[in-house]
Amino acid sequence: MAASESPIRVGVVGVGRGRTFMNAASLGFRLVAVCDTWEEKLRSEAARWGVEAYTDFDRFLEHDMDAVVLANYFHEHAPLAVKALQAGKHVMSECAACHTPAEGVALARAFEAAGDRIYMFAENYPFMAYNQELRRLYRSGDFGELRYGEAEYVHPDPARVKNQRSCGVNHWRNWVPWGIYYCTHALGPIMHITDTRPVRVNGFSIPPDPEDETETMTARVSDSAGILMCRLDNGAMAKILQGSLRGHGNYTRLHCRRGLLESTRHGGTGRVRVWREAWEKPEGVPVETVYTPDFPHHHREATAAGHGGGDYFTLYEFAQAIRSGRQPWMDVYRGLDMSLAGILAWRSALADGAPVAIPDFRREDERRQHEHDHLTPNPLAPAEHRLPSSILGAITPTPAGLAQARRDWAEVGYHGV
Numbered sequence: 001m002a003a004s005e006s007p008i009r010v011g012v013v014g015v016g017r018g019r020t021f022m023n024a025a026s027l028g029f030r031l032v033a034v035c036d037t038w039e040e041k042l043r044s045e046a047a048r049w050g051v052e053a054y055t056d057f058d059r060f061l062e063h064d065m066d067a068v069v070l071a072n073y074f075h076e077h078a079p080l081a082v083k084a085l086q087a088g089k090h091v092m093s094e095c096a097a098c099h100t101p102a103e104g105v106a107l108a109r110a111f112e113a114a115g116d117r118i119y120m121f122a123e124n125y126p127f128m129a130y131n132q133e134l135r136r137l138y139r140s141g142d143f144g145e146l147r148y149g150e151a152e153y154v155h156p157d158p159a160r161v162k163n164q165r166s167c168g169v170n171h172w173r174n175w176v177p178w179g180i181y182y183c184t185h186a187l188g189p190i191m192h193i194t195d196t197r198p199v200r201v202n203g204f205s206i207p208p209d210p211e212d213e214t215e216t217m218t219a220r221v222s223d224s225a226g227i228l229m230c231r232l233d234n235g236a237m238a239k240i241l242q243g244s245l246r247g248h249g250n251y252t253r254l255h256c257r258r259g260l261l262e263s264t265r266h267g268g269t270g271r272v273r274v275w276r277e278a279w280e281k282p283e284g285v286p287v288e289t290v291y292t293p294d295f296p297h298h299h300r301e302a303t304a305a306g307h308g309g310g311d312y313f314t315l316y317e318f319a320q321a322i323r324s325g326r327q328p329w330m331d332v333y334r335g336l337d338m339s340l341a342g343i344l345a346w347r348s349a350l351a352d353g354a355p356v357a358i359p360d361f362r363r364e365d366e367r368r369q370h371e372h373d374h375l376t377p378n379p380l381a382p383a384e385h386r387l388p389s390s391i392l393g394a395i396t397p398t399p400a401g402l403a404q405a406r407r408d409w410a411e412v413g414y415h416g417v
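Quick note on numbering: this note's numbering labels position 14 of the sequence shown as 14, and the sequence is numbered without any gaps.
Read the hints as simulated data drawn from the structure, not as lab findings.
There could be a bad hint or two in this list.
With a straight-line Cα cutoff of 20 Å, these simulated EDC-like cross-link-like pairs (lysine to aspartate or glutamate) come out [to be verified]: (1) LYS281 - ASP142; (2) LYS83 - ASP58; (3) LYS83 - ASP64; (4) LYS239 - ASP195; (5) LYS281 - GLU145; (6) LYS83 - GLU112; (7) LYS83 - ASP56; (8) LYS83 - ASP331; (9) LYS41 - ASP56; (10) LYS239 - ASP352.
Here are the simulated distance ranges between beta carbons [what the hints assert, rightly or not]: (11) ALA113 - ASP64: 21 to 27 Å; (12) THR396 - GLY141: 50 to 56 Å; (13) ARG43 - GLN164: 18 to 24 Å; (14) ALA351 - SER6: 37 to 43 Å; (15) ALA400 - GLY235: 48 to 54 Å; (16) GLY413 - SER6: 16 to 22 Å; (17) LEU387 - PRO7: 39 to 45 Å; (18) ARG258 - ARG43: 53 to 59 Å; (19) HIS298 - THR398: 43 to 49 Å; (20) LEU402 - ASP195: 44 to 50 Å; (21) LEU380 - ALA357: 25 to 31 Å.
Please read these numbers as outputs of a predicted model, since none were measured by experiment.
The beta carbon of each residue, even a glycine, is placed where N, CA and C say it ideally should be.
Please model the entire structure based on the sequences and the hints provided.
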């Protein structure tokens with residue numbers, strides 16, 4: 001931040017994940033307020049930073065601040081983003097941007113009505129060093145247009161970790177079909193690298209494994225993993241895999257017209273592999289190159305941040321957008337593109353992979369077709385809006401799994417239902 005620039009006064013919603021965004025003074029942010037319904041933790045964080053604490057979001061928005069960071073639960077971002085934009089605040093929202101198409105319609109309209117307010121979608125995986133390098137290579141034009149891509153976000157955990165990350169039977173992690181809904185960590189990099197958007201999706205879901213204790217000894221009622229087959233707006237295809245399968249890792253692969261660009265699966269994480277066919281490569285250029293890229297800038301700050309540097313760069317891009325008055329690449333519409341891909345892939349999975357068109361909420365005529373679509377797997381939603389959380393239909397935790405979950409919750413101080 002230049003010495004002459006005043007700090008951007010920011011309030012953070014969510015004192016769990018939100019702690020990542022509270023210490024951003026080096027980027028020109030000054031934390032002024034925090035908001036959560038978890039009162040004990042809220043008071044602790046507010047005292048730590050010397051800021052105001054709020055349990056009521058409407059009162060929080062009355063605080064004198066420029067921007068709001070939404071790091072609350074996965075399925076609760078859009079309604080708060082709408083309110084914040086209507087209150088004249090800049091917004092950075094964690095994923096997902098919306099949980100239903102109707103929420104997405106409301107968000108797009110609120111953004112457009114908010115004039116010069118910035119909306120940043122805080123999808124962080126595109127900003128890992130290898131994904132930024134793949135973007136640089138792709139945007140050079142040397143490899144031509146994407147024809148087929150793959151991206152993966154595979155994240156297994158032991159039952160205890162899963163339970164303590166999702167305290168309460170109705171915690172979103174226990175019912176969201178996250179192998180499909182939580183698609184932005186894999187789809188986001190492909191979109192960011194190639195500047196494409198998904199226009200059609202086929203979704204496929206892998207049901208829970210009754211022999212896997214990392215699933216049976218939890219309160220989860222959703223499927224293990226999911227695959228999205230996306231048709232992109234340039235005609236290419238992209239396969240997106242997420243879920244709780246064995247073999248933790250993230251991966252991006254781009255088959256382009258004149259070569260292959262990918263992150264490596266083996267021999268160390270964070271490396272990039274470039275392949276050119278011998279019969280068409282430039283003279284003096286090797287067929288294969290493998291190397292470890294660096295961040296394009298701010299190496300020290302990014303390496304100290306979470307999610308492979310992604311947490312630094314989302315805040316960096318947000319600050320740059322606010323100060324310049326220009327929307328970031330990861331704007332509201334791209335956040336909606338990514339989020340809708342998962343929402344509608346779940347509809348496809350429930351129809352055994354039938355193709356579903358992904359609307360473009362930049363267009364009001366397409367928004368009107370979805371403004372009353374409130375379908376969700378949320379068990380607390382009205383029955384007429386409720387979808388199953390598994391392709392098997394309604395499932396319940398085993399008595400042993402629920403008992404184990406409650407023991408694990410108690411270890412971290414949660415004694416609710």
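Structure-based check of all given hints:
no., hint, in the structure
1, LYS281 - ASP142, "holds, 10 Å"
2, LYS83 - ASP58, "holds, 8 Å"
3, LYS83 - ASP64, "holds, 15 Å"
4, LYS239 - ASP195, "holds, 16 Å"
5, LYS281 - GLU145, "holds, 16 Å"
6, LYS83 - GLU112, "holds, 13 Å"
7, LYS83 - ASP56, "holds, 13 Å"
8, LYS83 - ASP331, "holds, 17 Å"
9, LYS41 - ASP56, "holds, 15 Å"
10, LYS239 - ASP352, "holds, 16 Å"
11, ALA113 - ASP64: 21 to 27 Å, "holds, 22 Å"
12, THR396 - GLY141: 50 to 56 Å, "holds, 53 Å"
13, ARG43 - GLN164: 18 to 24 Å, "holds, 21 Å"
14, ALA351 - SER6: 37 to 43 Å, "violated, 53 Å"
15, ALA400 - GLY235: 48 to 54 Å, "holds, 49 Å"
16, GLY413 - SER6: 16 to 22 Å, "violated, 39 Å"
17, LEU387 - PRO7: 39 to 45 Å, "holds, 43 Å"
18, ARG258 - ARG43: 53 to 59 Å, "holds, 58 Å"
19, HIS298 - THR398: 43 to 49 Å, "holds, 47 Å"
20, LEU402 - ASP195: 44 to 50 Å, "holds, 46 Å"
21, LEU380 - ALA357: 25 to 31 Å, "holds, 28 Å"
Against the hints set out earlier in the document, violations occur for numbers 14 and 16.
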